[in-house]
Amino acid sequence: MLLPARMSVLNYLSAVKDADINEIMEAMGPQYKSEKQFTRQTYLDHAMSLEANGMCSLISYELDADGDLSLRFRITDEGKSAVEKYVPEKYRR
Amino acid sequence: MSGNSNMNHASAADAKMKQLSRKFRVTGLTAGALSGLTYGIYTTLVLVAGYYEPLAGAVGILAAPYVCSGLNDLFAGIWLTIYNAKKGRLAEIGRTLNTFPGKMLVLGALLGGPLANGAYLVGLALAGAYAIPISATCGLFGALFAWIFLKQRPTKRVVAGMVICVTGAIIINWTKPEGSPNFTLGIICALIAAVSWGLEGTLSSFGGAMIDTDVATNIRELFSGLVDLVIIVPLVGGLGLLGGTIAAGLPVLWLAVSGLSAGASFLLWYKANATVGCAIGMSLNVTYAFWGVLFCILFLGQPVTPTIVIGSIVIIIGAILVTMNPLDFFKKGEK
Numbered sequence: 001m002l003l004p005a006r007m008s009v010l011n012y013l014s015a016v017k018d019a020d021i022n023e024i025m026e027a028m029g030p031q032y033k034s035e036k037q038f039t040r041q042t043y044l045d046h047a048m049s050l051e052a053n054g055m056c057s058l059i060s061y062e063l064d065a066d067g068d069l070s071l072r073f074r075i076t077d078e079g080k081s082a083v084e085k086y087v088p089e090k091y092r093r
Numbered sequence: 094m095s096g097n098s099n100m101n102h103a104s105a106a107d108a109k110m111k112q113l114s115r116k117f118r119v120t121g122l123t124a125g126a127l128s129g130l131t132y133g134i135y136t137t138l139v140l141v142a143g144y145y146e147p148l149a150g151a152v153g154i155l156a157a158p159y160v161c162s163g164l165n166d167l168f169a170g171i172w173l174t175i176y177n178a179k180k181g182r183l184a185e186i187g188r189t190l191n192t193f194p195g196k197m198l199v200l201g202a203l204l205g206g207p208l209a210n211g212a213y214l215v216g217l218a219l220a221g222a223y224a225i226p227i228s229a230t231c232g233l234f235g236a237l238f239a240w241i242f243l244k245q246r247p248t249k250r251v252v253a254g255m256v257i258c259v260t261g262a263i264i265i266n267w268t269k270p271e272g273s274p275n276f277t278l279g280i281i282c283a284l285i286a287a288v289s290w291g292l293e294g295t296l297s298s299f300g301g302a303m304i305d306t307d308v309a310t311n312i313r314e315l316f317s318g319l320v321d322l323v324i325i326v327p328l329v330g331g332l333g334l335l336g337g338t339i340a341a342g343l344p345v346l347w348l349a350v351s352g353l354s355a356g357a358s359f360l361l362w363y364k365a366n367a368t369v370g371c372a373i374g375m376s377l378n379v380t381y382a383f384w385g386v387l388f389c390i391l392f393l394g395q396p397v398t399p400t401i402v403i404g405s406i407v408i409i410i411g412a413i414l415v416t417m418n419p420l421d422f423f424k425k426g427e428k
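Residue numbers (my numbering), protein chains in the order written: chain R, 1 to 93; chain V, 94 to 428.
Calculated from the structure, these hints are not laboratory results.
Keep in mind the model is a prediction, meaning the values are calculated, not measured.
Treat the hints with care, since some could be wrong.
What the hints assert, rightly or not - Simulated crosslink set (DSSO-like; lysine-lysine; CA at most 27 Å straight-line):
| no. | chain 1 | residue 1 | chain 2 | residue 2 |
| --- | --- | --- | --- | --- |
| 1 | V | Lys-244 | R | Lys-80 |
| 2 | R | Lys-80 | V | Lys-249 |
| 3 | R | Lys-90 | V | Lys-196 |
| 4 | V | Lys-109 | R | Lys-17 |
Turn these sequences into a full structure, and let the hints guide you.
This is the structure in structure tokens:
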């Protein structure tokens, strides 16, 4: 069984230095791409909600080649500790 | 030229970021405010359902509130399942239940549903609208449990808020309304609801931020409704009443609408917590005490007494002070 999507986003952020929504979706793609919920808006909501709860922080933003806003997130110590406590070993990246 | 173009690019990014942040914040604040309004509507509609037979003439103090609570929560769970199915998130329910934060959510649902919501409805049945602001002291208990179990020391502001909440509760109880023999028991039930909701909030600190709030509310309401109807209602001897209520039709329709309102309220509340933070989310949600009392006065003939008006206002001010510094609300709004 897959991890819930929001938890999976945080799990991914724990394995990389930082990432933007495109990179997060690219990494989630192989497992979640076929689902109706796999939209940019949903994943932006996941990242921003994790940020609002102190699990990750927004470190930079810029316009991408298409003129869309690209937000870059990095996991916080609190987020790392949540991953270590609540994400089972077999799912860790 | 290249320097200029870089600067334009950066200021365009700044403008879009500002717009996105504002949208995210306005969505959160609106969700929080609407969660209070819809919870007030839910409270009023459940009371309306209770005016119909066989609920109105039910024997004992537990059967009717638990039949109402169970049907309401089950309907809320069904509405939320339909919503999540439309959003393509049904698989998330099983995935979430498979995690530790998901299991904590179920435990929280048992506290917040069968225990708290049941006690809230018993409180409403026995003490009328007086029970609503008393239940709004859940923020006080949340802060108290965070102090005891999570070692989060409350600040002076939080302690002041707690004292104000208690003062409001005393004001509400100062004079018992006439014709309510079980008034004090109703107030105690509302307090049990507040304690249980406070504990439910504490459980969400075990990884709750990693769970999609739309899925969390769905699980909460479904579990709460099922446990009420399958376990609690038979235990309190309410199976006959449940059958009679379903057969009567009209009260079930009211509970389906109240379930829609309760489901929307939880969905919006959790969304507000995940968007603008728990402190502001909870402060906005607690305005349900105002709406609930107002609707009971406007539509259900609840008498307006100085103790209910002053007590409600004092509790709402105290509850907001427990959860947030009101000055922060304005500071952040200026950004």
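How the hints compare with the structure:
1. V:Lys-244 <-> R:Lys-80: Within the cut-off at roughly 21 Å; holds.
2. R:Lys-80 <-> V:Lys-249: 31 Å, violated
3. R:Lys-90 <-> V:Lys-196: 18 Å, holds
4. V:Lys-109 <-> R:Lys-17: 25 Å, holds
Comparing the model with each numbered hint stated earlier shows that hint 2 is the single one that does not hold.
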